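*Asks:* Counting the sequence shown from 1 gives a position; the numbering used here is that position plus 1481.
Everything labelled a hint here was simulated from the structure, so no lab data went into it.
Wrong hints could be hidden among the right ones.
Per label pair, the in silico range of CB-to-CB distance [said to hold, decoys possible]: (1) R1570 - R1679: 41 to 47 Å; (2) A1541 - A1703: 42 to 48 Å; (3) P1656 - A1568: 50 to 56 Å; (4) R1700 - V1569: 22 to 28 Å; (5) R1654 - E1689: 25 to 31 Å; (6) A1703 - E1546: 23 to 29 Å.
Below, a list of computed lysine to any residue pairs in the SDA-like style, where the Cα atoms sit at most 25 Å apart [said to hold, decoys possible]: (7) K1557 - A1493; (8) K1557 - S1509; (9) K1557 - R1613; (10) K1557 - R1508; (11) K1557 - S1606.
Computed from a prediction, not measured in an experiment: that's the story for all the values here.
Think of the CB as a built atom: it goes at the ideal place given N, C-alpha and C, for glycine as much as any other residue.
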Amino acid sequence: MSRIVVGYDGSAYAQAALLWARDEAVRSGAPIEVLHADEWPATAPPMVPLPLLRPDRTVADVIDETLERAVATVCKTHPSVDVTTRAVRGHAAAALIDRSRDARMIVLGGHGHSVVAGLLGSVISAVSAHARCPVVVVRGVPVPGAPVVAGVDGSALTMPVLTFAAGQAAARRVPLRVIRAAAEQETPGAPLAVIRERFRGLTVQAEETLEHPAAALARASAAAQLLVVGSRGHGPVAGLLLGSVSQHALRHAACTVAVVHRDPPTI
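Using the sequences and the hints given, assemble the complete structure.
*Replies:* Next up, the structure:
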C-alpha cells in the first residue's frame, strides 16, 4: 500500500500533522513516511563560505535525531503502525511533489515558519496545486462526531472529491455533508447517487449554496472535522473547485483541509 508522507521538521505544526497521519494510518492500515527536506544551501546567506556556516555532520545528526523522535512519537502509542523516515537535500516543495507520485497522500502542518511544514504562501500552495495525490493541511482540533464536508461544482473533479470525502467520513463513522455550487438532477448515474450506492450506510447530506463558494466552505468548516476540495475545476457555475477557492480554504478554514486531484488513490 502506498505511504502517507508527512512533511516534518519537529515543530508543533509538523507534530500535529504527524499525529493526524498516525490516526489516518490506524484507520487505513497504510504505512507512514516522515520526510525532512533540507533546503540548505538555498537558504544560506549570500557571500559567506558555505563550510563556515554548516558543519554537515552536526546537521545530519540533528536531522536524524528529529526523525527518530518522530518515529518514537508514533510507536509510543501505536507500535503496530509502520513508520519509516527519509531525509533529502533540496527544496521542500519539490521534494514533496516528487514523493507525491507514489504516495497515498501528503500531510503538512497548517501554520508555522518551517519550509516543510508551514509557509502557506509557498510550500503548501505549491504542493497542493501540483501534487499527484491528495494533500492534507492539518489545523484545529477535530470535534468527535463532526461531519466531513465536501465542496463540489459539477466539474471533472466532483467524483474524486466525493470519493475521497466519503471514504474519510465512512472511516470516521460520521456524516458526509456535500455543498454544491449548482443544482444537479439526482439521476441513477449522478455522482451523489454513485456515492450513496458505493458507501451504503453512510449518511450523505447535500445542499446547494447561493453565496460565494469560498465563504460557504469557510463557514461550513467551523462545524467540520475535515473539509475536502478540488485543486482545480471548471464547472458550469464558477465555483467550489477553482484554484482560488481551494487556496482560500487552505488559508481560512477552521478545520483540516484536504485538496484532491484528478486521480486520488482508492480509499
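*Asks:* Each of the hints needs a verdict: does it hold here or not?
*Replies:* Here is what the structure says about each hint:
1. At roughly 42 Å, the beta carbons of R1570 and R1679 sit within the given window of 41 to 47 Å.
2. Remark: the range hint 42 to 48 Å for A1541 to A1703 is upheld by a beta-carbon distance near 43 Å.
3. Between P1656 and A1568 the Cβ separation comes to about 40 Å, which falls outside the hinted range of 50 to 56 Å.
4. Between R1700 and V1569 the CB atoms are about 39 Å apart, so this pair departs from the stated range of 22 to 28 Å.
5. In this structure the supplied range 25 to 31 Å holds for R1654 paired with E1689, their Cβ-Cβ distance being about 26 Å.
6. Look at A1703 against E1546: about 38 Å separates their beta carbons, and that is not inside 23 to 29 Å.
7. Distance restraint check for K1557 and A1493: the Cα-Cα separation of roughly 18 Å lies within the 25 Å cut-off, and the hinted pair is therefore satisfied.
8. Simply put, K1557 and S1509 have alpha-carbon atoms about 19 Å apart, close enough for the 25 Å limit, and the pair holds.
9. This hinted pair does not check out: K1557 and R1613 have alpha carbons roughly 31 Å apart, beyond 25 Å.
10. Distance hint between K1557 and R1508 is fulfilled; the C-alpha atoms sit about 17 Å from each other, no more than 25 Å.
11. A threshold of 25 Å between alpha carbons decides the hint, and for K1557 with S1606 the separation of about 32 Å lies outside it, so the pair is violated.
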